[in-house]
Each structure stands twice: as C-alpha cells, then as structure tokens.
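Peer 1: Spelled out, the chains give:
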Amino acid sequence: MPILYVVWTQSKAFVLNTLHAIRQPLVRAADRGLFCPAGDFWIDPWRPVARAVITHAHADHLRPGCESYLVARECLALARARLPEGARIEAVEYGEAVTLNGVRISLHPAGHVLGSAQVRVEHHGEVWVVSGDYKLDPDPTCAPFEPLRCHTFISECTFGLPIYRWPASAAVAAELVRLRREAAAQGLPLLLGAYALGKAQRALALMGDDAGPVALHGAVDRITHVYRGAGVPLPETQAVADLPRKHDWAGWLVVAPPSALNGTWARRFGRAPRVLASGWMTVRGARRRRGVDAGLVLSDHADWPGLLRAIEATGAGRVLLTHGHTAPLVRVLRERGLDAGTLRTEYAGEEGSEEPGADAPTHDAEAPGAVDDAAEASTGMYDRASDTPDTAVDA
Amino acid sequence: MKRFAALYRALDASNRSSAKEAALAAYFADAAPADAAWALWLLCGERLPQPVPVRVLKAAAMQVNGLDEALFADCYEAVGDLAETIALLLPTGGADDGTPLDRWIAERVIPLRGLEPAEQTARLAVAWGQVDSADAFVLNKLLTGGLRVGVSKALALRGVAAASGVPATTLAARMTGGWTPSPQNWDALVSPADVQAGRGAQPYPFRLAHPLDGGPETLGSHADWLAEWKWDGIRGQVVRRESAHLWSRGDEDLDAAFPDLVADALRLPTGTVLDGEVLVAQTGADGGLVCATATTALDEAELPPVALAPFAALQRRLGRKSPGKALLASHPAVFLAFDLLELDGNDWRERPLGERRAAMEALLAAHARSSPQPRLFAAPVLATTDWAGAGTLRAAARDIGAEGLMLKRAASAYGSGRTRGDWWKWKLDPHSVDAVLVYAQAGHGRRAGLFTDYTFAVWDEGALVPFAKAYSGLSDAEIREVDRFVRRNTLETFGPVRQVRAELVFEIGFEGILPSRRHKAGVAVRFPRMLRWRQDKPAAEAGTLAELIALANAQGGTLEPDRVG
Numbered sequence: 001m002p003i004l005y006v007v008w009t010q011s012k013a014f015v016l017n018t019l020h021a022i023r024q025p026l027v028r029a030a031d032r033g034l035f036c037p038a039g040d041f042w043i044d045p046w047r048p049v050a051r052a053v054i055t056h057a058h059a060d061h062l063r064p065g066c067e068s069y070l071v072a073r074e075c076l077a078l079a080r081a082r083l084p085e086g087a088r089i090e091a092v093e094y095g096e097a098v099t100l101n102g103v104r105i106s107l108h109p110a111g112h113v114l115g116s117a118q119v120r121v122e123h124h125g126e127v128w129v130v131s132g133d134y135k136l137d138p139d140p141t142c143a144p145f146e147p148l149r150c151h152t153f154i155s156e157c158t159f160g161l162p163i164y165r166w167p168a169s170a171a172v173a174a175e176l177v178r179l180r181r182e183a184a185a186q187g188l189p190l191l192l193g194a195y196a197l198g199k200a201q202r203a204l205a206l207m208g209d210d211a212g213p214v215a216l217h218g219a220v221d222r223i224t225h226v227y228r229g230a231g232v233p234l235p236e237t238q239a240v241a242d243l244p245r246k247h248d249w250a251g252w253l254v255v256a257p258p259s260a261l262n263g264t265w266a267r268r269f270g271r272a273p274r275v276l277a278s279g280w281m282t283v284r285g286a287r288r289r290r291g292v293d294a295g296l297v298l299s300d301h302a303d304w305p306g307l308l309r310a311i312e313a314t315g316a317g318r319v320l321l322t323h324g325h326t327a328p329l330v331r332v333l334r335e336r337g338l339d340a341g342t343l344r345t346e347y348a349g350e351e352g353s354e355e356p357g358a359d360a361p362t363h364d365a366e367a368p369g370a371v372d373d374a375a376e377a378s379t380g381m382y383d384r385a386s387d388t389p390d391t392a393v394d395a
Numbered sequence: 001m002k003r004f005a006a007l008y009r010a011l012d013a014s015n016r017s018s019a020k021e022a023a024l025a026a027y028f029a030d031a032a033p034a035d036a037a038w039a040l041w042l043l044c045g046e047r048l049p050q051p052v053p054v055r056v057l058k059a060a061a062m063q064v065n066g067l068d069e070a071l072f073a074d075c076y077e078a079v080g081d082l083a084e085t086i087a088l089l090l091p092t093g094g095a096d097d098g099t100p101l102d103r104w105i106a107e108r109v110i111p112l113r114g115l116e117p118a119e120q121t122a123r124l125a126v127a128w129g130q131v132d133s134a135d136a137f138v139l140n141k142l143l144t145g146g147l148r149v150g151v152s153k154a155l156a157l158r159g160v161a162a163a164s165g166v167p168a169t170t171l172a173a174r175m176t177g178g179w180t181p182s183p184q185n186w187d188a189l190v191s192p193a194d195v196q197a198g199r200g201a202q203p204y205p206f207r208l209a210h211p212l213d214g215g216p217e218t219l220g221s222h223a224d225w226l227a228e229w230k231w232d233g234i235r236g237q238v239v240r241r242e243s244a245h246l247w248s249r250g251d252e253d254l255d256a257a258f259p260d261l262v263a264d265a266l267r268l269p270t271g272t273v274l275d276g277e278v279l280v281a282q283t284g285a286d287g288g289l290v291c292a293t294a295t296t297a298l299d300e301a302e303l304p305p306v307a308l309a310p311f312a313a314l315q316r317r318l319g320r321k322s323p324g325k326a327l328l329a330s331h332p333a334v335f336l337a338f339d340l341l342e343l344d345g346n347d348w349r350e351r352p353l354g355e356r357r358a359a360m361e362a363l364l365a366a367h368a369r370s371s372p373q374p375r376l377f378a379a380p381v382l383a384t385t386d387w388a389g390a391g392t393l394r395a396a397a398r399d400i401g402a403e404g405l406m407l408k409r410a411a412s413a414y415g416s417g418r419t420r421g422d423w424w425k426w427k428l429d430p431h432s433v434d435a436v437l438v439y440a441q442a443g444h445g446r447r448a449g450l451f452t453d454y455t456f457a458v459w460d461e462g463a464l465v466p467f468a469k470a471y472s473g474l475s476d477a478e479i480r481e482v483d484r485f486v487r488r489n490t491l492e493t494f495g496p497v498r499q500v501r502a503e504l505v506f507e508i509g510f511e512g513i514l515p516s517r518r519h520k521a522g523v524a525v526r527f528p529r530m531l532r533w534r535q536d537k538p539a540a541e542a543g544t545l546a547e548l549i550a551l552a553n554a555q556g557g558t559l560e561p562d563r564v565g
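Order-wise, the sequence lines are chains A and B.
Here this note's numbering is used: the first residue of the first sequence is 1, the next is one more, and so on.
Here this note's numbering is used: the first residue of the second sequence is 1, the next is one more, and so on.
Bear in mind the hints are in silico, worked out from the structure with no lab data behind them.
If a hint is listed, it holds; no wrong ones were tucked in.
Under the rule of at most 25 angstroms between Cα atoms (straight-line distance), these lysine to aspartate or glutamate pairs were calculated in the DMTMM-like manner:
| id | chain 1 | residue 1 | chain 2 | residue 2 |
| --- | --- | --- | --- | --- |
| 1 | B | Lys321 | B | Glu242 |
| 2 | B | Lys2 | A | Glu175 |
| 3 | B | Lys325 | B | Asp253 |
| 4 | B | Lys425 | B | Asp299 |
| 5 | B | Lys2 | A | Glu182 |
| 6 | B | Lys58 | A | Glu335 |
| 7 | B | Lys469 | B | Glu541 |
| 8 | B | Lys469 | B | Asp453 |
| 9 | B | Lys469 | B | Glu507 |
| 10 | B | Lys427 | B | Glu228 |
| 11 | B | Lys2 | A | Asp293 |
| 12 | B | Lys153 | A | Asp293 |
| 13 | B | Lys153 | B | Asp422 |
| 14 | B | Lys469 | B | Asp536 |
| 15 | B | Lys2 | B | Asp132 |
Please construct the entire structure, taking both the sequences and the accompanying hints into account.
Peer 2: Here is the structure:
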C-alpha cells in the first residue's frame, strides 16, 4: 500500500510537471528581461519592473528604476553603490532560499565578480538555473563558481568559440608585473585599462605585493573601497585624485576603466604604456583596434572549455544561451544530444566590449555612494524558506 | 624561429616607431647573416611562393584541432585571419626546438611546396609541434604568405641602419632592384664599402608625392612650382647603363613585359636614368602612334606627346609576363618621362628640378631625332599664370585621360622616398553617387570581427542593384555605428555575408566606370570608396543606375550596361 502511494504521488508529480512544462517555460526572455511567469519576477531586467532578482552589479545586469531588488549578500554593498539612494534592496546568503508565489529562488556563487550569483529557480520539482555571467577560473576576489544540477540551464555565452581559451591567470599577472617593471626602467608608469568593477580588483589581487605603488582612477577607487569593505585582501592603493598633479609616476601601476586610457584624464601620464586586460584581447585585430601597447588576456567570463565544462556539470537536458556567440555553441550542444537554443536578451556580448558599461562615462567626480554594509531589515517581500534548497535534482 | 616570433610580437605590440626601430636594431645586431637576411626580406613585405594551398592548411589544422568545418568557419569569421585562427586553435604545449629562421624557411617551409596533400598535412602537424604555441601564429603567417606587421620598408631599414651603422638611404639604394635573402647579400648590404660601386641595373628609390588636400593656395607663389599631368598609368624608372631596364615602383623588373620600351631605351646614352609613367598609346590606321587631338580646353603644348589609350589597355599589357607580337602592335607602350636622375653616369638627384627637367628635355629631343620609333617622350610641363589657371587645367584632366595635376617645387632636389612638401598630387574630385548599403561582411586584420566590407546598390526600375564594394572612408566611430546597424538589421545570412535592411545611404566616390559582367548592375566603378555617410537621406532617394550610365557617357563613353540577367 505505501509503495502504491509513493508510485501514485510520484506519477502525479511527473504528470503535473510535464503538463506544466508544456504549458509554459519557468523562465523566458520577455520584453524587459528574463521573466519567471509562475513567480512573477524578473532576472536582470533591462527595463524597470516590480521585482528584480539580480545576478551581479555590472551595469547591463543591474539597472536603476525597479521597485525592488534581490541580491546575494556579497553583492549588497556594490548594488548600493551603483543604484540611486533609497532603492529597495534585499540580500540573501548564497544558498539561502526564498519563496515567491510558490516559486523557490536561491542564489549561488557564479565566480564572475564579488557577489555574483547564479539564480536557481524551482517550481513543482522543476529546476532552472540562470547563470548570469560566470567563470570557472580561480579568482581571489570572489567565491568560486558552484556547479548546480538542473533541468534547464540558461547560460551566458560571451566567449562561445573555441578560439577563446584563457591562459593561467598567474601567468597574466606575472606579465603585468614584468610590464610595470619595464615601464619603471624607462621612468614611466604602466597604465592598466580594466573594468572598474571586478577586473581591476582581480588584477590587483593577482599581482599582490608585486603590483608596486598603485594609483586608481576614481571609478576604480570607489569600487575598490567596496571590495575592501567586504574583506577582500587587496594591495595598498591610492586615488590618482589624491596625488599631486606633478607627481613622479615612474614605476607606478595606474588602473583605470578602458575608456579613460586615451582621454584627457590620462594625459598626465604622458607616454606611459597602455595595457588592456580583457578576453577580447585574444584576437590580434581587437588588440590593434583598441590602439594599446599591449593586450593581456584576462577575463571574468567562461572561456570555451569553461562553458562546456559548466554546462556538462549541470546535467541539464536543455540549455538556453543568452549573450555572445551563441550559434556555434548551440550547434555543438545539439550534436551532443541536448535541447539547445538562444534567448534574445539585451546583455552585451557581441558588441565588442567585454564588460558592458566599460565605455560608458565613469563617475570620477561623484562622491562615493552609500556603501553601508549593514543589511536593511527584511521587508518581507519574500517568504524565507527555513532550509537551504537541495541542489541535487534527479534529472 | 623563437627570436623572430618575439620580434614580430614586439613590433606588433607597439604603436611607436621608436620602439619598433629599437626592437629591429636589437634583432639585427644579434642575428646571423642568413637569419637577418630572411628577416629583413620578410619585414620588407616580400612573400614566399605559397608553400601549402590554403585548403590543405585548413584541413590540417582541423585535423590537429579535432574541429569540424562549421566551427572552424565561425572562428575564422571572428578572427578574420587564417594564420591567427589556426594558431588560436592549435593544442597548447608545443616547444621550440631552437631552429633559426633561415633554416625553418629553407628546410621546413619551402620544401612543403608541391608535396602531396597527405605529406603536407603530416609535415604541418610536426612543424606545429616544433614551435611554442605562442609562436605558431608567425609560422602560419609564413605558411600563408605575407607577414604584414605594420613595419614599412623604410622603418625596417632604419633598424638595420641602427644595427650596422650603414645609412638607411644607402641601404635603400643597395636593396633596389630585386634584393634576395642570402648571407652574401646581407653581408654586401651592411658592408661599409662605397655604395656607388657596381650599381649595375639598379634603379634609385622612387620619390613619392603626397595628396594635396584642399587647394594649392597654401603652397605659396605658383611661380615656384611646376605643374604636370598626373598620368593614369604605372610609375617606372628607365635605367640605361650596361644594358637597359624598366623598373616598377615596387622594384619589379618589367623588362620582359615591356620589350618595346626596353628596346627604345637602349638608344639612350649609357649612364642615364629617367623617372616617368608607363602608358599605352593609341594606334592609327597605319599601326603607328598618333598625335593627341586638341580639345577646346587645352592647347597643343598641354597635350601628351601621343594619344593615350585608357587604363584598361595598359592592364592588358600588365597582364602578360611576355606579350606576343599582336599585342605589342595593338597596345604599344610609351614612357612619359618627367625626371632625370642620372646623366652621363652622374647622380643628378641633388640638383634642382628645373635643371634636371631642362637636361631631360634636351636629352629626349635628341633621342626622338635618333630613334626610328621613339617610345620615350618628355611629359609636358604645363604653363600656368596663377593657381586659378592651374585649377582650370586640372578640371580638364579627364579630357586626356589624366587623373589630375602634379605640383612639384621647381627648386627641389629629387631626394629619396616619401619626403613631404615638395611633390603634391592634386587629383580630380571623384565621381560620386548616393548608394544604399545592402550587404556587409566582416573585415580582416585591424577590422576583424567588425562589419566593415560593404556592398552598395543603386535603384533601377524599383529594385536595388548592387554595383560596388567599398571598405574605406568611414571613421572608426562610424564603422562601429554601421557595425551595430548590421547586427540589428540582418535580413539573411549567406555564410559570412549579411544582407541588411536597405536603409543606410552613403555617398560613394569612384574614378571611372566600365561595363562589367561581374556586377548585377552591368557596370563596374574604379577605386570606389565611401566619401560620407548621408544620414540625411532616406534609401528611397538614393541614386539610380541611369545616373551612373550618364556619368560614364559624359566621359565620352557610349555605355549600354551589358546585363547578364
């Protein structure tokens, strides 16, 4: 009798799940972002919505104007720094589940930047994971990517071609140190163009004490303070703005957003060599187009082997790709017998800048925003689940 | 190979010529003669005869990488360079075996040529394992042909000069006339011995002109300048020493292709070098050259010495390594000299242009009297009373098939290379038509991954017919904007080509127009490029095929576009 009961309930669940899946997907690409109709919330919306679940604080994933935001605890200070004052932001621990209209949501480390998360969505036993941006390579500034089992995996695909294979980050850091010393020998600083949120701090952390005296562009400085506040160990830095204009920059490492490298701001560094750190620097044409002296391959996204490894680890039968070179990877996944496709989103990928917003005006002069790390009291938008979700699903 | 690959990367990484020169000097100071000879030869833009067909190279790479054709094609589209695509896909972990550049080329690259594809594939797989993965790109560049590393020949020679102490101008002079890479030639090149000895058949480095933007008024008094036609042929030097030779500006030996000119040049006194333009003349009923006919706009003194045939006729001669009798008779070549570089074996290049010109005209007048069938003529100097008069002449350039005017400072020395300021080319404004962007393709090199190669169409009976491809003329910011448009407005994809929504209008400039079977429009334009983006103009108001044909016919053509359906 109990056995029959189990069989009955399991088949009922199976039938219901199947019917539900046929009726509508758990997450789909809609006009304002990735939408979960059952839970009535949006993931990384690109236009204002009521409820936004955020994977990370980069400008194309975290946009102002939403009524409420849900972020990972490590992302809270960054979200505060990036959103207008008074924005309603709630934070959860990695792995802590909340429930919204019966849909269970939890955030898990994506290894992209500080506080970046994959969004795990579970409804009637069906599990979807939205990766946000992620990487598998080690990064001393954020929690490592956590593989999650799921039925459907919505993955980024920024570098979805086999030409993208990252060199070891330690070797890239060593090359940076070498370039800085080479510049020092000529009495010059080294100018490193790296996205203000994530890349800059990762490069600094990788170089450690060999980073030398470090000066930061205002936009980088602001985010670096947030990282330090979160307890990320970083070498000592100073703000360029705090140093005298006629400063002797010989031997310094100056870190700025890529867009600042060739602007008026950078004129004070004279003939200092300019270096860009980005996955796009793999291709010679991209290096030459940016007109820099050297292009180092350092990315916070998964490379081709990384994408394949991450997708395989989910055990997902269906894989939907968002931004980047999606067609080749879709083809490869289909050849492996997976149900694969592309979701149309407005996350930057193909446009040629690894981190969207990298070329947007930087808020150099802007005073640091509220980076108060104290968690805002839970507003009760979400029902907190008392347990952590079981990330293993029998796919 | 390792050292040369490192040099390549250093040159590629820097935007500064000083840094490039230093890297070159360090390389040449420390390279064995055979290695240095090959390195210089490659850096000067020379290329090996293709050792392996591209098809075999691709197949070998796919075999080594384990990639299918579609994935390889996607990668190639993103990279825009075959050598680089292959290098990025090769397995990592190759290790350099210490073989120098010259032995790599002589023992592993050149011998590939002509082998069976299977053997080539096997040898390529071995070769890729004998270089550091990071250096595979440079090896692949040797395998696919050119190196193209953003180093001009002049810069490469400055590097050699810094390493050897021999002045760059001397090096340039020693290298003109088909320099081949060998240890002996390298030693001779950097030898401190006198440069003039054993000049042989070598031409002088060609003096180049710069385009004149805007009008000539900025040049000062017109009386200091000589005006000449800018001929629509190919630049050449006639060298008459022990024998006679014709050299192109690319230091290519044209003796076999222009036996008619070389035969006439043998009648010049020895120790003569002329700079001028190679053209094809029209023939009369008797098969001889005919006089140019005067036009309303031009005096007799302003006409070329003989009637010239259009550029297409010269192309027929250039297409033949050694022309037959019939072609020599129907397409006779002429040489219009405009400068004298050597007379009686003496280098005249430091003398003023006026003096060189006068001596040249006297020399060629005597030549015309002594030669039974003269083919070498002095190009006319155009008499002008002021800049406005020069402008009027320029406007008439198309009447005689010229591209515009050359303005040269009368007191200037010939110098060598691209010295700025004394020679200007003042070309005619191009023809232009407003056309609609219909197809786009990703570019190569610096423009890899961006949609920069466009096909343009004009209206004909309510349909857009493509007539030209153009790549140049837009700013980087405009290119990025068009690139975004292409990505968002792709209607259909044909391999690497995207058909886009017919929306963007550009003013396309071009030099001439000819019937063509290759273009759907039935016409083809010469040197098409984008003059500007007509953001003010909707596609419906772009130009028409009838407009193009009218332009062509206004040049004296009677063009009926010969359509092929």
